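Visitor: Please take these sequences and the hints and turn them into a complete structure.
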Amino acid sequence: MQAPCFPLQYLRLLTFLAKSRNMTKAPEILCVGSVLWDIIGRSASHMRAGSDVPGRIIRLPGGVAMNIAMALSRFGLKPALLSAIGQDPEGNELVAECARRGLGTDHLYRSADLPTDRYMAIEGANGLIAAIADAHSLEAAGDKILNVLNFGPLGRPENPFDGLIALDGNLTAGLLEQIATSPSFSKADLRVAPASPGKAERLLPFLRSGRGTLYVNLEEAGLLCQSSFETADQAASQLLERGAARVLVTNGGDGCCDATADGLIQECPPPVLVTRVTGAGDTFMAAHIAAECDGANRKDALSRALHAAAAYVSGEVAI
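By the numbering used here, the letter at position 73 of the sequence shown is numbered 62, and the numbering carries on one by one without gaps.
Hints in this document: simulated from the structure, not taken from any laboratory.
Source: prediction; values computed, not measured.
Watch out, some of these pointers could steer you wrong.
To be verified - Okay, derived cross-link-like pairs now, EDC-like style, lysine to aspartate or glutamate, Cα gap no bigger than 20 Å in a straight line: (1) K176 to E17; (2) K176 to D222; (3) K133 to D77; (4) K133 to D102; (5) K67 to D283; (6) K67 to E86.
Claimed, not checked - Per label pair, the in silico range of CB-to-CB distance: (7) C257 to P104: 40 to 48 Å; (8) R48 to R99: 15 to 23 Å; (9) L262 to E147: 16 to 24 Å; (10) I121 to P142: 32 to 40 Å; (11) E230 to E82: 45 to 53 Å; (12) I47 to P142: 30 to 38 Å; (13) E82 to D102: 15 to 23 Å; (14) P43 to D95: 38 to 46 Å.
Glycine included, every Cβ here is placed at the ideal spot set by N, Cα and C.
Guide: Put into structure tokens, the structure is as follows:
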């Protein structure tokens, strides 16, 4: 029996439809926020303001959303990025690097008018000395980066995305407020982190709405509560009183706390020699998300996240 013969145009249509179904398949997790180039100077010396010391200067993909996505990929998940990247040479190079690392780039907002964002940091043996985040293009793009969740193909207000979303505080306060209250995000499992202490108060909408899981350090928790704390459990308890649904508070090498209405879980990270700090909090968050995706309970997920972050800051994990 002779095989049926289909017109070439029909075969092309089938190929197009197959590709379209593959492109609109929802990712395991969306990472929403800054995707940029990190320019980091590191020295083995202790530093202070005005120090001039030898060291190394590197450039690598960064930004909170990017760091979380890269870490999630290392833990076996398949994240996709929602961010703004320019169509300049730096942007093209960054998108290619994202794809090389297995990160979804189909839904990035590529602007012809905005340059690709950058972050610059100086690190010494005594930790982060100073940093400047130039995320103006992300802020200027605004809600355009969320079009795929508001107008399809990943979601709409009447049929919202119901998977995991990792958000970072480099988004504007207005956009974070929109996400905290919008029907387009009503079914999502929101995991939210400030980009820095200076942007911690942008997370206040998630306290007011009682939505999402917040990942903050002790300083950021104090800014959200307009107070100061000595321990992570004190900070976590206060954040719950202010409306947080769930919060994880880290405190460097001291105790960390995971707090919900069902109770508080505490654990200390393993002691390690710190060789880098930029991206440590993002690694902690990603490892915690990955552990819970793997079925770990709250105690085990916290422990796995702390050990992953310790391995990262010690330099055991390649980036």
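Visitor: Would you check the hint for K176 and E17, treating anything up to 20 Å between C-alpha atoms as holding?
Guide: holds, 14 Å
Visitor: Holds or violated: K176 with D222, Cα cutoff 20 Å?
Guide: Not satisfied, since the Cα-Cα distance of roughly 28 Å exceeds 20 Å.
Visitor: For the pair supplied as a hint, K133 and D77, is the alpha-carbon distance within the 20 Å limit?
Guide: Holds - the C-alpha atoms of D77 and K133 are around 18 Å apart, at most 20 Å.
Visitor: Cβ-Cβ distance between E230 and E82: within 45 to 53 Å?
Guide: holds, 46 Å
Visitor: Straight-line Cα separation of K67 and D283 no greater than 20 Å?
Guide: Holds, because 13 Å separates the two Cα atoms, which is no more than 20 Å.
Visitor: Are E82 and D102 spaced within 15 to 23 Å by their CB atoms?
Guide: Holds, since E82 and D102 (Cβ atoms, about 19 Å apart) stay within the stated range.
Visitor: Honestly, do I121 and P142 meet the 32 to 40 Å range at C-beta?
Guide: holds, 36 Å
Visitor: Holds or violated: K67 with E86, Cα cutoff 20 Å?
Guide: holds, 15 Å
Visitor: Does 38 to 46 Å hold as the CB distance between P43 and D95, or does it fail?
Guide: holds, 42 Å
Visitor: Within 20 Å, alpha carbon to alpha carbon, are K133 and D102?
Guide: Holds, because 14 Å separates the two Cα atoms, which is no more than 20 Å.
Visitor: Just tell me: holds or violated, for the beta carbon distance of L262 and E147 against 16 to 24 Å?
Guide: violated, 52 Å
Visitor: Tell me if the beta carbons of C257 and P104 are separated by a distance inside 40 to 48 Å.
Guide: holds, 42 Å
In this structure, the hints that do not hold are numbers 2 and 9, in rising order.
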